[in-house]
Amino acid sequence: MPTRSRLHVPVTPARPGEISDFSWLRLSPAGAIARPEPGARSGDITFLADGLVRVLDDAGEAIGPWHPHLEVQDLQIGLRHMLLTRVFDDRMQRIQRSGKISFYMRSLGEEAVSVAQAQALRPADMLFPSYRNQGLQIARGRPLVDLMCQVLSNTRDMCKGRQLPVLYHWREGNIFSISGNLATQFPQAVGWAMAAAIRGQDAVAASWIGEGASAEADFHHALLFASVYRAPVILNVVNNQWAISTFQGFAGGEQRTFAARGPGYGIAGLRVDGNDFLAVHAVTQWAAERARTGHGPTLIEHVTYRGAAHSTSDDPARYRPRDDYQHWPLGDPVERLKQHLIRLGEWSEERHAGLSAELEDHVAASWKEATRFGTLTDPPRLDPHLMFEDVFREMPPHLRRQDAELRAERGQG
Amino acid sequence: MPTRSRLHVPVTPARPGEISDFSWLRLSPAGAIARPEPGARSGDITFLADGLVRVLDDAGEAIGPWHPHLEVQDLQIGLRHMLLTRVFDDRMQRIQRSGKISFYMRSLGEEAVSVAQAQALRPADMLFPSYRNQGLQIARGRPLVDLMCQVLSNTRDMCKGRQLPVLYHWREGNIFSISGNLATQFPQAVGWAMAAAIRGQDAVAASWIGEGASAEADFHHALLFASVYRAPVILNVVNNQWAISTFQGFAGGEQRTFAARGPGYGIAGLRVDGNDFLAVHAVTQWAAERARTGHGPTLIEHVTYRGAAHSTSDDPARYRPRDDYQHWPLGDPVERLKQHLIRLGEWSEERHAGLSAELEDHVAASWKEATRFGTLTDPPRLDPHLMFEDVFREMPPHLRRQDAELRAERGQG
Amino acid sequence: MAQMNLIHALNSAMDVMLGRDPAVVVLGEDIGYFGGVFRVTEGLQRKYGEHRVLDTPIAEGGIIAAAIGMGVNGLRPVAEIQFADYIYPGYDQIVSELARLRYRSAGEFFAPVTVRTPCGGGIRGGQTHSQSPEAIFAHVSGLKVVMPSNPYDAKGLLIASIEDDDPVIFFEPKRLYNGPFDGNPNQAAVPWSAHPLGEVPEGHYTVPIGKAAIARAGSDLTIVTYGTMVHVCEAAARGLGLDAEIVDVRTMVPLDTDTICASVARTGRCVIAHEATRFAGFGAELAATIQEQCFWNLEAPILRVAGWDTPYPHAFEWEYFPGQARVVRALRTVMEAG
Amino acid sequence: MAQMNLIHALNSAMDVMLGRDPAVVVLGEDIGYFGGVFRVTEGLQRKYGEHRVLDTPIAEGGIIAAAIGMGVNGLRPVAEIQFADYIYPGYDQIVSELARLRYRSAGEFFAPVTVRTPCGGGIRGGQTHSQSPEAIFAHVSGLKVVMPSNPYDAKGLLIASIEDDDPVIFFEPKRLYNGPFDGNPNQAAVPWSAHPLGEVPEGHYTVPIGKAAIARAGSDLTIVTYGTMVHVCEAAARGLGLDAEIVDVRTMVPLDTDTICASVARTGRCVIAHEATRFAGFGAELAATIQEQCFWNLEAPILRVAGWDTPYPHAFEWEYFPGQARVVRALRTVMEAG
Ligand SMILES: Cc1ncc(C[n+]2csc(CCOP(=O)(O)OP(=O)(O)O)c2C)c(N)n1
Ligand SMILES: Cc1ncc(C[n+]2csc(CCOP(=O)(O)OP(=O)(O)O)c2C)c(N)n1
Ligand SMILES: [Mg+2]
Ligand SMILES: [Mg+2]
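Each protein sequence line maps, in turn, to chains W, U, X and Y. Each residue of the first sequence is one higher than the last, beginning at 9 in our numbering. Each residue of the second sequence is one higher than the last, beginning at 9 in our numbering. Each residue of the third sequence is one higher than the last, beginning at 30 in our numbering. Each residue of the fourth sequence is one higher than the last, beginning at 30 in our numbering.
No wet-lab data here; the hints were simulated from the structure. Predicted model, so just to flag it, every value in this text is computed and none were measured. Watch out, some of these pointers could steer you wrong.
Within a straight-line C-alpha distance of at most 16 Å, the following computed EDC-like cross-link-like pairs (lysine to aspartate or glutamate) qualify [said to hold, decoys possible]: (1) U/376 x U/180; (2) Y/240 x U/402; (3) X/240 x W/26.
Derived list of chain X stretches under chain U, where covered just means 3 residues or more per stretch with a C-beta under 8 Å from a C-beta of chain U [what the hints assert, rightly or not]: (4) 148 to 160; (5) 360 to 367.
Going by beta-carbon spacing under 10 Å, a handful of chain Y positions derived as facing chain W [to be verified]: (6) 89; (7) 155; (8) 308.
Every residue gets a Cβ at the ideal spot worked out from N, C-alpha and C, and that includes glycine.
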């Protein structure tokens, strides 16, 4: 028995040059986890925080109590939206390489989280996303051109050139503005939900945070306020195993699941296979019903994997095995839903190839349309004087003076 | 089934004019909770977070697996230190009324937490207290005169007049400086413990926070960093049911125990009868051994009651039944240890009365001694120019200039 | 009209707004059942219920974040931070979120949050109950920053702040809660009922954000100040027999440079005074702007009177506080220069 | 001597100190195995191990708090905040704790923490990767605040900061990491090897905290600036053919007012420049102090050149950035005045 403690440093299972290792990942077989009533007391359902809700088995069969029994058409739409997200991401990534946009972030491997959740929620439900939830926009029907114009900071940019690429918002679509500061949206979603409860609105809020960002204070604020006021909110931790170069153990995932934080605060915590469209859909529906019926918040941990680099500024080969994603035990969400549909006799490789081609065309056409409104390098350009607007509702004198100064500087004064 | 959620507002069991109600308090009988090995995996001992470790039963008998089997002398010292804390507090309170000090905070009813814990730890262990842990100072042998001089901001004030009364520190006694900002010391204790582990020191850190202050971000930071690096630290939540006027439900205590936050982060969480000297001693010893042997942090929730006002600026009759404390089911820690010692045949009402008288005299004599070094109203007074020292290690030019300005202002220039 | 002290005036502002606008909610630590540690929210929960006047957990960051979310969902939250010294845990949500939401979403989202917080010293509160951190908010683009110096302005400015669609950080000089303190702690307390600006309408009215007030017209020199120091400076100038013009800044952002600079241009001499620490304090912005705009009119350097650049010490409150003696020295120096 | 860019110089400072003093530890997000998103800590964990160079959770408040605790227990932590824009969650621990610990404990406890953080714009980082928040630290009593403008100073100041027993907020102008940027984004990048201050000793040396540098001696006017703007101002003055004296402030706290005011007293004209937003920015303190101390020598109002009082917008980076054009206008105005 040692008489001195030694600083423990969380273990990263595999670094570049090493062989991928996911033996540490605690899995449950598909169908193995019970489905309590959505109104169950949080103290009675703590098992949900340690297990892993899965519906699709390895053969692509949907089984068990969480099987959501969705319409085939909904599954096909889900597949389309996931695939569109991926095709869009890939295209933007290539375009960034060409220098036409300054920055991009893909969601490769995590498409089910956003798409299934958007589908399981209602249009009036308010979404507070992180930067890796483009699938929410797509599943809610946002025209790609709008997203592309934001990424281009061009004359039709919804942010008027003020935000980094991918930090979208969509008021009519009930999708909140994304901050470059991690985690800040999480307790705001709770505040929104508190207001919904105060105002008697029949809507819930949902928010997403990376497992890395869950270390921020705002994660705690969100759980605490949600618990105290029993706010109708769904708090999602997207555990894609990495926070830039840092493995999830550094966010506390080594000792316990992220879902387990929920029960610690007296709220329902639930761990789900984030690459299983059906499972994500099912738990979201469950949590939404729980919230809508006055039973309060749910913390959902989505177990998934960040298939791509953190962003276009990152090179994951510096910190993890190049082929790590290939070894990820939970597979690819698009592939898994596709196999399920094929098994149902409602899809085929040919239809899939056809859909891919259609979406590629759609993305290419949207890009062409978007660039008409300008790119980083080509006009038209946004008017730089927009810079002074929206700091306040009305421009105060000192900003009017600075605006005039800039005009003088640019020879327009 | 309602289709709309309604904002839940935590319930305060009894307000002024109402009858005290503690039926909601979850208790375990003395001796009922098992005592796992201090090296047990945190996941295997989550029951400790929901039960209530108690050693002293209603008859004053010590029972069960947590019975620490302390020497009688240690129990008598514990009783003395708790009583001294109380006598000191009472005196300071009366003195504040007289206008000789500006402010004071008593720890009535919570004396066991500080005194038993200080006794269970080693002198080299570093303590990061909150403002209601004066018992730590007393149990570690701090001369009362030192504490009184701080409270007086007089010429022997350890803080050189810079801090509000009760915000002590004691470098040689390994007791850290208390901040007026709640909760900030909690993650600092973890950093100290991380350094101890890095440096291979055989010492643990301990910190205390009120249940109200556990809502602050720093509570989360502390638990997270302690979990990630398995820091040798004991994190104590003193749940005295009130945060000024606010009942503990507003800090999240309505849905789940505070101890349960620990397991949520993968660290041991333990709920103890904070008015049971033996139980507090036992769990502290357990947590210290756990930390010293490399098994990492423990979160201890001490269930107790703030018997007095929040501070001399507060009047609890505005927000709780006047006699609420009389109904508190866990009694008075001094009384309970006294009864236990009497039952052991090692104490008596006469000896108790004698001790009280002795301590009253000691406090009175100390006060006389302390006031020789000045009071708020009587000289000697600290030199106001001390104000400019210790902002930095060496006084930079702008502070030297301001010091000179003040001299001029005071006609000393 | 009624006689109100600063506490009553602020309470009345919230009462009026809770009554007029169902979107207004009030939240903070100990503000509900208890009515706040300074009793500023007394009676509001009883009158408007637990869903309009909310006690919160002790988590300033969470309070601001929740208020932002509420604001986005159509409410108009008034959040109390119990002491300005405790606002820092909420600083990130204020700076990175509250101040920037309208900008980054091109006006599609905003949160009309008012953050009320007692500031300043003079109550033996020591270093964590005495701070004046207005400068670190004034520097942040997107925040309005307000500090009244009397009950009339306090009520009118608080109503204006609550009605404003931009976020407002509203500082309440706590030493003024009960009376117009002139900096002399040994003198008997003066109540607001003895002051003309203690007369406050019972109903709705506003004092515009972005307008300074001439607290006293004069011609010898201009004193630019705000909060408690308005009264300290008045007393100091009076003591010296100076005909000082005293500009009460009232709102730091947007700053009414026109009123301030017009006065200095006329008098040619200027002293700036605030309780906050001097170095990089708000007085620096005032001095920098005034010297730039009034350079050719200035007959003497602009002097700043402020708290020393140390934490606010418990035992040396009156040596720390920029009281009349310090103001007088500056006034003399400025009057004698040139 | 070696050629180093700013990244190498900072890396070398930490390498030297980790090697000399077993109490030095380095911690932050992505700084260990990966070597930091700007590669400033590259190789340090490999060399000194996981107990000296620690990857941390993404919690800036927790990082600062842990560093304070470590400092109290005898270590000398160097904490990286990945971008200055993300320092706000740690603001409370910095302001209320790190800055005040020595004071409140009368010198018995202190935490010799250095907080390194990249600041400033010019890298298309948008509003959350471009901020310059030095003013909100300069206002806080108890913090030293440093910002170098070249590799030589960077290494010497960082070593001095780590060795300093007071807390230091150390800002790294990220646009200077790879070369002395003059404000013109369309010009080919210049490497530090082409600059005399890219020559950096390999071993231990310090540049004293609290001393400004005369980056260029001159007599027409004084430009007081720091960080990236040192190079922008040099280029602007050169372009105008002005014999400007350029004072590189280097440490905002303690501020070397002697050097600054001696220069302005001599030249009689002054322009202040920084990237941070103008209103209540650090330039205000500089202007306020200079006008006070050099009033009788000034021949023109002091002008400030700064970022506009808006968040830092992604698409308008070069209209936002206070580039040569804006500096030139100020220089002209100041030279023509009077
Ligand atoms: C407050 C704050 N700190 C640091 C950063 C820098 N940063 C951006 S993304 C990131 C990693 C986040 O990882 P995670 O939360 O797991 O999300 P993921 O990228 O995996 O989706 C970091 C450290 C930031 N944006 N904001
Ligand atoms: C950051 C911060 N916020 C608010 C306060 C004001 N305050 C002082 S004590 C207190 C209540 C704390 O209650 P609790 O943590 O339960 O401790 P107890 O007083 O019961 O021991 C409050 C709100 C503070 N000191 N610091
Ligand atoms: Mg992640
Ligand atoms: Mg309490």
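* Which hint numbers does the structure go against, in order from smallest to largest? -> 1, 3, 5
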